[in-house]
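Asks: Those protein sequence lines, which keep their order, are chains L and U.
Take 1 as the starting number for the first sequence in this note's numbering and just add one per residue.
Take 1 as the starting number for the second sequence in this note's numbering and just add one per residue.
If you're looking for bench data, these hints aren't it; they were derived computationally from the structure.
Computed from a predicted model, the values in this text were never measured in an experiment.
Treat the hints with caution; some may be incorrect.
[Claimed, not checked] Derived SDA-like pairs (lysine to any residue); straight-line CA-CA distance at most 25 Å: (1) K106(L) <-> S49(U); (2) K106(L) <-> R109(U); (3) K106(L) <-> S84(U); (4) K71(U) <-> G3(U); (5) K106(L) <-> G42(U).
[As the list claims (entries may be wrong)] For the chain U half of the interface with chain L, some residues (derived, Cβ under 10 Å), not all of them: (6) Y33; (7) Y35; (8) Q37; (9) G40; (10) M41; (11) G42; (12) L45; (13) E59; (14) A92; (15) N94; (16) F104; (17) G105; (18) E106; (19) G107.
Where a beta carbon is used, it is the ideal one built from N, C-alpha and C, also for glycine.
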Amino acid sequence: AQSVTQLGSHVSVSEGALVLLRCNYSSSVPPYLFWYVQYPNQGLQLLLKYTSAATLVKGINGFEAEFKKSETSFHLTKPSAHMSDAAEYFCAVSDTGANSKLTFGKGITLSVRP
Amino acid sequence: NAGVTQTPKFRVLKTGQSMTLLCAQDMNHEYMYWYRQDPGMGLRLIHYSVGEGTTAKGEVPDGYNVSRLKKQNFLLGLESAAPSQTSVYFCASNDRENTGELFFGEGSRLTVL
Numbered sequence: 001a002q003s004v005t006q007l008g009s010h011v012s013v014s015e016g017a018l019v020l021l022r023c024n025y026s027s028s029v030p031p032y033l034f035w036y037v038q039y040p041n042q043g044l045q046l047l048l049k050y051t052s053a054a055t056l057v058k059g060i061n062g063f064e065a066e067f068k069k070s071e072t073s074f075h076l077t078k079p080s081a082h083m084s085d086a087a088e089y090f091c092a093v094s095d096t097g098a099n100s101k102l103t104f105g106k107g108i109t110l111s112v113r114p
Numbered sequence: 001n002a003g004v005t006q007t008p009k010f011r012v013l014k015t016g017q018s019m020t021l022l023c024a025q026d027m028n029h030e031y032m033y034w035y036r037q038d039p040g041m042g043l044r045l046i047h048y049s050v051g052e053g054t055t056a057k058g059e060v061p062d063g064y065n066v067s068r069l070k071k072q073n074f075l076l077g078l079e080s081a082a083p084s085q086t087s088v089y090f091c092a093s094n095d096r097e098n099t100g101e102l103f104f105g106e107g108s109r110l111t112v113l
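Please construct the entire structure, taking both the sequences and the accompanying hints into account.
Replies: Dropping the structure here:
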């Protein structure tokens, strides 16, 4: 069975600092991997996805993530945090089957200090 | 451009009452899903559907029923609500060409007293 581990439940950074949100996956087949963002009182929206093309994936709002098979990781980064990045971030994994379903991590809340 | 619409957005129930959450999507997606979100638990799949007239159990199906009579609608029912079902419920949809990417509604906050 697939699973996703997001270490920690809360990350706090200063505005302008590097953002690093960690995600490790467990999958028996080559996975598809996703990062979703949830702003307060809203649904989830896709930040970026890895689907076996380039290992470095660029997403919206300056975020990117790198797929590292040897480390079974898909960490999310952004060079310079902005106040508007404050939100909850979810890593998710699915297998490559036609009826594949997403399995979500528990989420990480990102706070940005002025 | 509505996407995925959930109704109602807020509801308060007493233990034992029943209710139905409605999800409607206008993207002609084959697959639809109901998730619940609880603090520290992430999103957990309740039920899903891979096409009109089909439904299947997810990770936490107990206490819920679903129906997909029309392709664009996916209903989630609680026959006898319990306080443990207090949660935020999200509907999502996609099709096989989306390689797993889900499109979410804005959520329905349910409180069971």
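Asks: Of the numbered hints stated previously, which ones are contradicted by the structure, given in increasing order?
Replies: none
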